[in-house]
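Novice: Chain by chain, the residues:
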Amino acid sequence: MNKKPFLQELNRQKMSYIFIAAPFILFLIFVLGPAIASFILSFTKYNVIQPAEFVGMANYKAIILQDARFWKAIKNTLVYVIGVVPFGICIALILAVAIDQRIKAKNFFKGVLFLPTVTSIVASSVMWRWLFAGEKYGFINYFIVIKLGLKPVDWLLSPTWTLPSIIIMSIWAGLGYNVILFLAGLQTIPHAMYEAAEVDGAGYWHKFFRITIPLLKPTIVFVSIMSVIVSFQVFEQVYLMTGGGGGQLGGVLDSALTAVPYLFDKGFNKFQMGYASSMAYILFFIIFTLTFINIKFVKSKVEY
Amino acid sequence: MKKFRKPQLTIVIIYLFLIAVMLTMLVPYYWMLITSFKPLAEIQAYPPKFYVESPTIEPYRDLLEIIPMFRYILNSLFVCASVVIFKVFACSLAGYAFAKHKFWGRDKIFFLFLASLMIPWQVNIIPGFLLVKSLGWLNSFKGLIIPTMGWGAFAIFLSRQFIYSIPDDLIDAARIDGCGELRIYTHVILPLIKPVLATVAIFTFIQQWGNLVWPMVITSTRNMRTIPLALTVLSSQTSTNFNMLMAAAVIATVPMLVVFLIFQKYIIKGVYLTQLKG
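Protein chains in written order, with the numbering used here: chain W, 1 to 304; chain L, 1001 to 1278.
Do not rely on the hints blindly, as some may be mistaken.
Restricting the straight-line Cα-Cα distance to at most 30 Å, the calculated cross-link-like pairs of lysine-lysine (DSS-like) are [stated by the list, open to error]:
{"id": "1", "chain 1": "W", "residue 1": "LYS110", "chain 2": "W", "residue 2": "LYS217"}
{"id": "2", "chain 1": "W", "residue 1": "LYS296", "chain 2": "L", "residue 2": "LYS1108"}
{"id": "3", "chain 1": "W", "residue 1": "LYS45", "chain 2": "W", "residue 2": "LYS217"}
{"id": "4", "chain 1": "W", "residue 1": "LYS296", "chain 2": "L", "residue 2": "LYS1049"}
{"id": "5", "chain 1": "W", "residue 1": "LYS45", "chain 2": "L", "residue 2": "LYS1133"}
{"id": "6", "chain 1": "W", "residue 1": "LYS207", "chain 2": "W", "residue 2": "LYS75"}
{"id": "7", "chain 1": "W", "residue 1": "LYS106", "chain 2": "L", "residue 2": "LYS1265"}
{"id": "8", "chain 1": "L", "residue 1": "LYS1194", "chain 2": "L", "residue 2": "LYS1108"}
{"id": "9", "chain 1": "W", "residue 1": "LYS14", "chain 2": "L", "residue 2": "LYS1194"}
{"id": "10", "chain 1": "W", "residue 1": "LYS72", "chain 2": "W", "residue 2": "LYS207"}
{"id": "11", "chain 1": "L", "residue 1": "LYS1049", "chain 2": "W", "residue 2": "LYS151"}
{"id": "12", "chain 1": "L", "residue 1": "LYS1133", "chain 2": "L", "residue 2": "LYS1194"}
{"id": "13", "chain 1": "W", "residue 1": "LYS110", "chain 2": "L", "residue 2": "LYS1269"}
{"id": "14", "chain 1": "W", "residue 1": "LYS14", "chain 2": "W", "residue 2": "LYS75"}
{"id": "15", "chain 1": "L", "residue 1": "LYS1194", "chain 2": "W", "residue 2": "LYS106"}
{"id": "16", "chain 1": "W", "residue 1": "LYS207", "chain 2": "L", "residue 2": "LYS1194"}
{"id": "17", "chain 1": "W", "residue 1": "LYS104", "chain 2": "L", "residue 2": "LYS1265"}
{"id": "18", "chain 1": "W", "residue 1": "LYS110", "chain 2": "L", "residue 2": "LYS1194"}
{"id": "19", "chain 1": "L", "residue 1": "LYS1133", "chain 2": "W", "residue 2": "LYS296"}
{"id": "20", "chain 1": "W", "residue 1": "LYS14", "chain 2": "L", "residue 2": "LYS1049"}
{"id": "21", "chain 1": "W", "residue 1": "LYS72", "chain 2": "W", "residue 2": "LYS45"}
{"id": "22", "chain 1": "L", "residue 1": "LYS1269", "chain 2": "W", "residue 2": "LYS217"}
{"id": "23", "chain 1": "W", "residue 1": "LYS217", "chain 2": "L", "residue 2": "LYS1194"}
If you're looking for bench data, these hints aren't it; they were derived computationally from the structure.
Just chain W, same shape as in the assembly (with noise of 0.2 Å):
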């Protein structure tokens, strides 16, 4: 009588491990293994020709005290950040508000903001660096010569303008993601609330920064960390307008040199596999970091 269902049981356990095999197998094998595996080749000295040697801290310590180009690095990125994310959120918050109103074709809006998510940010990157074409065959140079009056710019290859240029693409590609998202957020604000403003007489700046903006706030929270997070990390864009087309990774003078190019660069054209995986590890623990702050806000927007 008891034996009947203590198989099934038995047999349901089995069938259970069966079906999360495949995934849990490979996330053993190529996520968490490499993971754990990157932090002990943190602390030793590897360039895949000689075996590995053990160097203790030695790595961290010549990171954060001597490398002076992982400092200008993680400056860049930071100047990335502070370029990207702000401008990228008000742009598209305008956006989003101004899509949310009355209006006709909202699909089509939508989809044009939202088709730089689905190119590849490698086409993206392309496009965009013959836009910034030197001289006077770029189309940017072009408005700025012809219709602004002013000098041509070599967006790509001079120091002052090759960040800056990265951004603007960047900010860019971005955009239709954060609309979407504060759009959903737009739809969690109940309509009357604008309805009471405006019998009180409000006017639309009034609604935008008295209702849509703090009732927003959850949403802005949570899109901005997310940027961070993912701008933090950036490559692609780095990479192909700098290296990639034909320059000095980072470009010149280091002017672009982000986190995360540098790191490559270390790994896999330097081959200085445990010096790069301890620069894996101290950006992870920032990534990690805001991470746990974005956890900690959204748990927030919960009770909020």
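Since chain W is already given, all that's left is putting chain L on it; use the hints.
Specialist: Okay, now just chain L, sitting in the frame of chain W:
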């Protein structure tokens, strides 16, 4: 009367603003497209023209002559399709086990998957490369595809959430009718979670179609390249014939735009689902 006029003006301003932004969004695509049909003389002409004077398919012909673009498309499609099929079926099967089965270690394993969502790729890339190297999978489809399948945590999480909301009664009824667990998955669960699977499929496809870093690290010969890698290599070799580079960019972009136009509704809805990722 006054009440009627004011909002109209605002709406006109909103339309103008939106149209200006739309033009900015579309200009890079337009510029890519017309450049890809311009002869070399025209892209070097000054000032640049906003239309093509004598359209030519020469850039495409030259491109296909020096680069096996179709081979790269097939490579990319093969890698994408394998990963998509795995994530849609294997990960939702695991999602079913996590949602509706009780087994030892379930919550711990699930937590491990969730925690892994925080691991950025740059932490894995070096040991991942060394592992694939020691397995002898460098420069092979195995090396391109199988390690990528390990990143299924999000697909598992998403399908688990949806399967969790399916009433247990439905599954019990199927059991009483004598359905095995696998049959329950194929006949009860799968039909109910189609929208989630569509989202997983489309987003995995978009992500894989644009994946640059892994193929860059794993492949070494020309023939194994995927589209993003081929485009990167071509871009690094291009200094004058941008029309050919733009032709390659068009070939890389168009399949995704077609997918997007067909599935626009699903994709935009999918953003809300994937937003849970935080």
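Novice: Determine for every hint whether it applies to the structure shown.
Specialist: A quick look at each hint next to the structure:
1. W:LYS110 to W:LYS217: 22 Å, holds
2. W:LYS296 to L:LYS1108: Satisfied, since the Cα-Cα distance of roughly 22 Å is no more than 30 Å.
3. W:LYS45 to W:LYS217: At roughly 46 Å apart (the allowed maximum being 30 Å), LYS217 of chain W and LYS45 of chain W break the hint.
4. W:LYS296 to L:LYS1049: 52 Å, violated
5. W:LYS45 to L:LYS1133: Cα-Cα ~18 Å, so holds.
6. W:LYS207 to W:LYS75: The given pair, whose Cα atoms are some 38 Å apart, is violated under the 30 Å limit.
7. W:LYS106 to L:LYS1265: Answer holds: LYS106 of chain W to LYS1265 of chain L is near 12 Å, not above 30 Å.
8. L:LYS1194 to L:LYS1108: 27 Å, holds
9. W:LYS14 to L:LYS1194: Since the Cα atoms of LYS14 of chain W and LYS1194 of chain L sit roughly 26 Å apart, the hinted pair holds (cutoff 30 Å).
10. W:LYS72 to W:LYS207: The hint is violated at about 43 Å.
11. L:LYS1049 to W:LYS151: Holds, because 19 Å separates the two Cα atoms, which is no more than 30 Å.
12. L:LYS1133 to L:LYS1194: 37 Å, violated
13. W:LYS110 to L:LYS1269: Holds: LYS110 of chain W and LYS1269 of chain L sit about 12 Å apart, inside 30 Å.
14. W:LYS14 to W:LYS75: This hinted pair is violated, its Cα atoms lying about 52 Å apart.
15. L:LYS1194 to W:LYS106: Holds, at about 26 Å.
16. W:LYS207 to L:LYS1194: 40 Å, violated
17. W:LYS104 to L:LYS1265: 17 Å, holds
18. W:LYS110 to L:LYS1194: Cα-Cα ~24 Å, so holds.
19. L:LYS1133 to W:LYS296: 40 Å, violated
20. W:LYS14 to L:LYS1049: Not OK: LYS14 of chain W and LYS1049 of chain L at ~67 Å, beyond 30 Å, violated.
21. W:LYS72 to W:LYS45: 23 Å, holds
22. L:LYS1269 to W:LYS217: Roughly 22 Å separates the two Cα atoms, so the pair holds.
23. W:LYS217 to L:LYS1194: 33 Å, violated
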